[in-house]
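With the hints in hand, could you dock these two chains into one complex?
Residue numbers (our numbering), protein chains in the order written: chain A, 707 to 817; chain F, 128 to 240.
Source of the hints: derived by calculation from the structure; they are not laboratory data. Computed from a predicted structure; not experimentally measured. Don't be surprised by glycine CBs; every beta carbon is placed ideally from N, CA and C. Careful, some of the hints might be misleading.
As the list claims (entries may be wrong) - If you want a taste of the chain F side facing chain A, the calculated C-beta under 7 angstroms gives, among others: (1) G169; (2) L170; (3) Y175; (4) F217; (5) G228; (6) S233; (7) G234.
Stated by the list, open to error - When the alpha-carbon atoms are kept at most 27 angstroms apart in a straight line, the in silico DSS-like pairs for lysine-lysine are as follows: (8) A:K742 - A:K757; (9) A:K742 - A:K776; (10) A:K809 - F:K136; (11) A:K809 - A:K757; (12) F:K136 - A:K742; (13) A:K742 - A:K809.
What the hints assert, rightly or not - Label pairs and their calculated CB-CB ranges: (14) F:D200 - A:G759: 38 to 44 angstroms; (15) F:T147 - A:G722: 46 to 52 angstroms; (16) A:Y716 - F:S194: 37 to 43 angstroms; (17) A:G759 - F:G190: 39 to 45 angstroms; (18) A:E721 - F:M168: 24 to 30 angstroms; (19) A:Y716 - F:R236: 19 to 25 angstroms; (20) F:S194 - A:S814: 37 to 43 angstroms; (21) A:A784 - F:Y222: 29 to 35 angstroms; (22) A:G722 - F:D200: 42 to 48 angstroms.
So the chains spell out like this:
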Amino acid sequence: GQQVMQIPQYQHVQEGEDFTTYCNSSTTLSNIQWYKQRPGGHPVFLIQLVKSGEVKKQKRLTFQFGEAKKNSSLHITATQTTDVGTYFCALHTGANSKLTFGKGITLSVRP
Amino acid sequence: NAGVTQTPKFQVLKTGQSMTLQCAQDMNHEYMSWYRQDPGMGLRLIHYSVGAGITDQGEVPNGYNVSRSTTEDFPLRLLSAAPSQTSVYFCASSYSRGAGGYTFGSGTRLTVV
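So here's chain F without its partners, still in its complex pose (with noise of 0.2 angstroms):
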């Protein structure tokens, strides 16, 4: 099992730009999250979905969408890119509620100009 697959791992993009911030999972797990951690904030949720087709939004959910279509996959997509956005996001998944823990992705590096 190759886990929670993050692409790309690194990112720079213009302000106005849009892009999405790939997710892929192999371990057959309900539940997915997108994070974002910037220095001193911790990890802060942006969207989460617990199942293909249901989504929700997190803590900071504005400047981002998410869609589910399929078990597997929970792209994040960054519709006009701002400075603000500047982070490292984690995607991360779990079976339903968590209770093993969430696997997260490795990241990727976000850093808009």
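Next comes chain A alone, as it looks inside the complex (with noise of 0.2 angstroms):
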């Protein structure tokens, strides 16, 4: 079946840096979502992007779908210590359209 590939599976940023990790697929996606995860917590949807070329802003993260539909993003501007925690990125797939995750990308920000 469809799957999302998101590599590395960590990656440590100074406070005020920019951030940027990808979710990667063989395979044409027909929507991506994105979720966040802080350490101890559970995922917490962040966005859904469904065509071609989409990009969505929420503060200083932008998402973006790629024009062929086989990867998406995620940019964080300056980052924070907020920011820390694992993102994931999730496809539905099959007739009943169940979700399935990638296996995230964990991020720490040195203050």
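Put into structure tokens, the structure is as follows:
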């Protein structure tokens, strides 16, 4: 079935630096969702992208869906310690649209 | 609205014991799912449901049973607990096809000794 790859699994940045991570697929995706999980917490839905080339912003977070709908990116401008956590991309697969997650990238921010 | 409520928050089981993890949502969501989260493995789908009376297997269903007799409840049953089932379990729900994203419960941390 369809899968998404998130590499690397960990990234460390200095507070104030920008951060970009990618979610890649070998097949065309119908949509992609992004979630954030704080340490010790549960995943929280951030955004869904559906259209080719779509860009959505949430404050310092910018989400983009690739033109070919095979990848998506999350960009954080001027990271803060509150951005610490694991960011997952997820996609709907199958006739019943079950939600399948990538393995996530864990972001740590040095103050 | 309480959202998605999972009980218990923590549980320790002995190998071979059975138990049920409870999940309830009060948002009238059609879709409900169970995931397990293990270090380095992300969130893996165990079972899911697209409505009352309808369930299907996910990626890692072995050792688990589910039923969906009402829209609100989606319990996960461990038939005979094994140490490999030590994990954090999350229940999640969504409107049809999850266009608005899934809402997750706060999780159950299960240890099997």
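Hint check:
Because the smallest distance between the Cβ of G169 of chain F and any Cβ of chain A comes to about 4 angstroms, under 7 angstroms, the interface hint for this residue holds. Here the hint on L170 of chain F is kept, as its CB sits about 4 angstroms from the closest CB of chain A, short of 7 angstroms. Annotation: Y175 of chain F was flagged as interfacial toward chain A, and the flag holds, the nearest CB pair being 5 angstroms apart, inside 7 angstroms. Against a cut-off of 7 angstroms between C-beta atoms, the interface hint on F217 of chain F holds, since the closest Cβ of chain A lies about 6 angstroms away.
Proximity of G228 of chain F to chain A holds as hinted, the smallest CB-CB distance being about 3 angstroms (cut-off 7 angstroms). Annotation: interface hint on S233 of chain F holds; nearest CB of chain A at approximately 5 angstroms, less than 7 angstroms. Because the closest C-beta pair between G234 of chain F and chain A is about 5 angstroms apart, less than 7 angstroms, the hint holds. The straight-line distance between the Cα atoms of K742 of chain A and K757 of chain A is roughly 21 angstroms, inside the 27 angstroms bound, and the hint therefore holds.
Distance hint between K742 of chain A and K776 of chain A is fulfilled; the C-alpha atoms sit about 21 angstroms from each other, no more than 27 angstroms. A distance of roughly 23 angstroms separates the Cα atoms of K809 of chain A and K136 of chain F; the hinted pair therefore holds under the 27 angstroms criterion. Only pairs whose Cα atoms come within 27 angstroms are accepted, and K809 of chain A paired with K757 of chain A is accepted, the gap being roughly 23 angstroms. In summary, the hint linking K136 of chain F to K742 of chain A is supported, as the alpha carbons are separated by about 20 angstroms, within the 27 angstroms threshold.
Using a Cα cut-off of 27 angstroms, the hinted pair K742 of chain A and K809 of chain A holds, with the two alpha carbons roughly 12 angstroms apart. Separation of D200 of chain F from G759 of chain A is about 41 angstroms and conforms to the stated range, judged on CB atoms against 38 to 44 angstroms. About 47 angstroms separates the C-beta atoms of T147 of chain F and G722 of chain A, a value consistent with the hinted range of 46 to 52 angstroms. Restraint check, Y716 of chain A to S194 of chain F: a C-beta distance of roughly 38 angstroms satisfies the suggested window 37 to 43 angstroms.
Range check, G759 of chain A to G190 of chain F: about 43 angstroms between beta-carbon atoms, so the 39 to 45 angstroms window is met. Distance hint check: the CB atoms of E721 of chain A and M168 of chain F are about 29 angstroms apart, consistent with the given range 24 to 30 angstroms. Between Y716 of chain A and R236 of chain F the C-beta distance comes to about 22 angstroms, which sits within the given range of 19 to 25 angstroms. Between S194 of chain F and S814 of chain A the beta carbons are some 40 angstroms apart, a value that agrees with the proposed interval 37 to 43 angstroms.
For A784 of chain A and Y222 of chain F, the hinted distance range of 29 to 35 angstroms is satisfied, since their beta carbons lie about 34 angstroms from each other. For G722 of chain A and D200 of chain F, the Cβ-Cβ distance of about 46 angstroms falls inside the hinted range of 42 to 48 angstroms, so the restraint holds.
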